[in-house]
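Visitor: Next come the chains, spelled out residue by residue.
2 protein chains.
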Amino acid sequence: MKPVVVDAMGGDNAPNAIIEGVRQALEGGISVELVGDPDLLDDLGGLTLNPATEVIEMAEEPGKAVRLKKDSSIVRAAELVRDGHASAMVSAGNTGAVAAAALLRMKRLKGVQRPAIATVIPVPSGTPKILLDSGAMADCQADWLQQFARMGSTFAKVRYEMREPRIGLVSIGEEPEKGNQLVKETHALLSRDSSINFVGNVEGRDVLEGEVDVLVADGFTGNVILKTLEGTMQFLVGQIVSVLGGENATEVGLEALNLLAPIAAELNPDAVGGAMLLGVNGVAIISHGSAGPTAITNACKVAQDMVERDLVGELAAAIG
Amino acid sequence: MKPVVVDAMGGDNAPNAIIEGVRQALEGGISVELVGDPDLLDDLGGLTLNPATEVIEMAEEPGKAVRLKKDSSIVRAAELVRDGHASAMVSAGNTGAVAAAALLRMKRLKGVQRPAIATVIPVPSGTPKILLDSGAMADCQADWLQQFARMGSTFAKVRYEMREPRIGLVSIGEEPEKGNQLVKETHALLSRDSSINFVGNVEGRDVLEGEVDVLVADGFTGNVILKTLEGTMQFLVGQIVSVLGGENATEVGLEALNLLAPIAAELNPDAVGGAMLLGVNGVAIISHGSAGPTAITNACKVAQDMVERDLVGELAAAIG
Numbered sequence: 001m002k003p004v005v006v007d008a009m010g011g012d013n014a015p016n017a018i019i020e021g022v023r024q025a026l027e028g029g030i031s032v033e034l035v036g037d038p039d040l041l042d043d044l045g046g047l048t049l050n051p052a053t054e055v056i057e058m059a060e061e062p063g064k065a066v067r068l069k070k071d072s073s074i075v076r077a078a079e080l081v082r083d084g085h086a087s088a089m090v091s092a093g094n095t096g097a098v099a100a101a102a103l104l105r106m107k108r109l110k111g112v113q114r115p116a117i118a119t120v121i122p123v124p125s126g127t128p129k130i131l132l133d134s135g136a137m138a139d140c141q142a143d144w145l146q147q148f149a150r151m152g153s154t155f156a157k158v159r160y161e162m163r164e165p166r167i168g169l170v171s172i173g174e175e176p177e178k179g180n181q182l183v184k185e186t187h188a189l190l191s192r193d194s195s196i197n198f199v200g201n202v203e204g205r206d207v208l209e210g211e212v213d214v215l216v217a218d219g220f221t222g223n224v225i226l227k228t229l230e231g232t233m234q235f236l237v238g239q240i241v242s243v244l245g246g247e248n249a250t251e252v253g254l255e256a257l258n259l260l261a262p263i264a265a266e267l268n269p270d271a272v273g274g275a276m277l278l279g280v281n282g283v284a285i286i287s288h289g290s291a292g293p294t295a296i297t298n299a300c301k302v303a304q305d306m307v308e309r310d311l312v313g314e315l316a317a318a319i320g
Numbered sequence: 001m002k003p004v005v006v007d008a009m010g011g012d013n014a015p016n017a018i019i020e021g022v023r024q025a026l027e028g029g030i031s032v033e034l035v036g037d038p039d040l041l042d043d044l045g046g047l048t049l050n051p052a053t054e055v056i057e058m059a060e061e062p063g064k065a066v067r068l069k070k071d072s073s074i075v076r077a078a079e080l081v082r083d084g085h086a087s088a089m090v091s092a093g094n095t096g097a098v099a100a101a102a103l104l105r106m107k108r109l110k111g112v113q114r115p116a117i118a119t120v121i122p123v124p125s126g127t128p129k130i131l132l133d134s135g136a137m138a139d140c141q142a143d144w145l146q147q148f149a150r151m152g153s154t155f156a157k158v159r160y161e162m163r164e165p166r167i168g169l170v171s172i173g174e175e176p177e178k179g180n181q182l183v184k185e186t187h188a189l190l191s192r193d194s195s196i197n198f199v200g201n202v203e204g205r206d207v208l209e210g211e212v213d214v215l216v217a218d219g220f221t222g223n224v225i226l227k228t229l230e231g232t233m234q235f236l237v238g239q240i241v242s243v244l245g246g247e248n249a250t251e252v253g254l255e256a257l258n259l260l261a262p263i264a265a266e267l268n269p270d271a272v273g274g275a276m277l278l279g280v281n282g283v284a285i286i287s288h289g290s291a292g293p294t295a296i297t298n299a300c301k302v303a304q305d306m307v308e309r310d311l312v313g314e315l316a317a318a319i320g
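Sequence lines, in order, name chains A and B.
Everything in the first sequence is counted per the numbering used here, starting at 1 for the first residue and increasing by one.
Everything in the second sequence is counted per the numbering used here, starting at 1 for the first residue and increasing by one.
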């Protein structure tokens, strides 16, 4: 298989954590190469580096950055996939820039109106949930959301071998007449779509516990959900750690934290390998900005897996 | 002061929990009366009941229910405020119906384009955050959101005596150019509004921990945030309780749960007295559907407080 290319410059922990993750992926038998600035990277210990002399920073305006920084690691990674040198790309860099570069260089799949970012949300002692779009398209139309539903369904089948993924539409009540105009229009389209298993509207409280596998939303709503989820978890974990493990921690508190550690591990998004940009002509994985070596190694594994299972071909078939 | 009227029929625990909450409010020196169906309520123990023979159920379509059930407890409560018999209304019933009844019977304040529901989010060892609109208006315009910002600012001043509440606009990035079309337009309006202390865009992760006091969003986004927050907390609390206090609970686990109990108590929305409908010509409090006696008692206290501090007059001044 052609190598997976990994953006060495993207993410809060780049380049060291990225390089370490790639090294572990290679040791795990995955064909993988780096993309990045040779002048800023040394001690690659035998890893292959595809040169790119520019870096898109996390806070840059994505469209502009991709347009101006043609020799950036993100743009080059997308080109390596487009040109057939690589089978897939992985980046923990600027999410919008990865989406824009993949879209502009790999192009949309035939029939796809807009791509969407599918985020996998780990659920302790349960099956992960898939949320899309989690931020590629802030303003959406109903027919785009219908395609998101189809792409999310296909992704759930290919990635998690679900046979009939339950598709829910994020709204503010279960009844079809609840929601904003976009959701009401989308509900009507999804209800008539026999290619998916549409279970109706779902709510914010179903993100972790609902009877649903794929949650469909416009990119604004999806992103707000993800960040509210992350923020709430971080806040609660912070509170718990400060009570049980703070300055005046007792033995009981510390023992209890040990008991709770497995929950935190299961909620760690590093285990699920990053978000996937669906609808472009190639596999593009967008890892969390805070990705460490394990997240990058897992992203490489998922990337290889999605290439081998022909996710892109399956998506094209679902939309075409 | 004229009495606060409380809907005896609304909420998952009606009527008993409501009646008990009203009794406690009365014992606490608050002038308060019930509204409800005399045939369904007995043992009122001296509480005053304003009769209303119909009940709007939690799942009913709000607009239709308010139009058809003219003798429902929710509609009658709003009329008692309109007619000057009561100073304020409290209901734990169908949120949309309370908002619709208050809007149709009390009418909008002069100059207000749309009312908004302001929800108070308790923050352990911190100042509560105010989120509006949390569900009254699913589809909004930028100038409505600007009014929500002004009303939220006024509410924070009157309710929590904040001097210069920090107003944030919910988006998917801090930069002004991030967000959907509605948010970008609203950002421009708020940036130019010298009557509020606008601190810029905030994200889902700022709901509990951000440097912001009032979070402004359209009712769809606000409601999604609230339910994601609630769902995430319930999920995590469930996980923690099952690990520390489940079937195989150890002494350490149970002791640790005791240590954590104060956090849960501080996060309990019952303490903050319910959401407030802002922009109508009267004080209307919408308690959580699961409200127990304490939540109702607190709602009555807040209602009386808001009447005494002339919240409605302050809102009129802020918009007019």
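Please note that the accuracy of each hint is not assured.
The list treats identical chains as interchangeable, and a pair is accepted whether it falls inside one copy or across any two copies.
As the list claims (entries may be wrong) - Result set (PhoX-like, lysine-lysine): computed pairs, CA atoms no more than 25 Å apart in a straight line:
1. Lys-301 / Lys-70
2. Lys-157 / Lys-178
3. Lys-64 / Lys-178
4. Lys-64 / Lys-184
These are computed hints drawn from the structure, not numbers from a lab.
Visitor: Tell me, in ascending order, the numbers of any earlier hints that this structure violates.
Guide: Violated hints (numbers, rising): 1, 2; every other hint is consistent with the structure.
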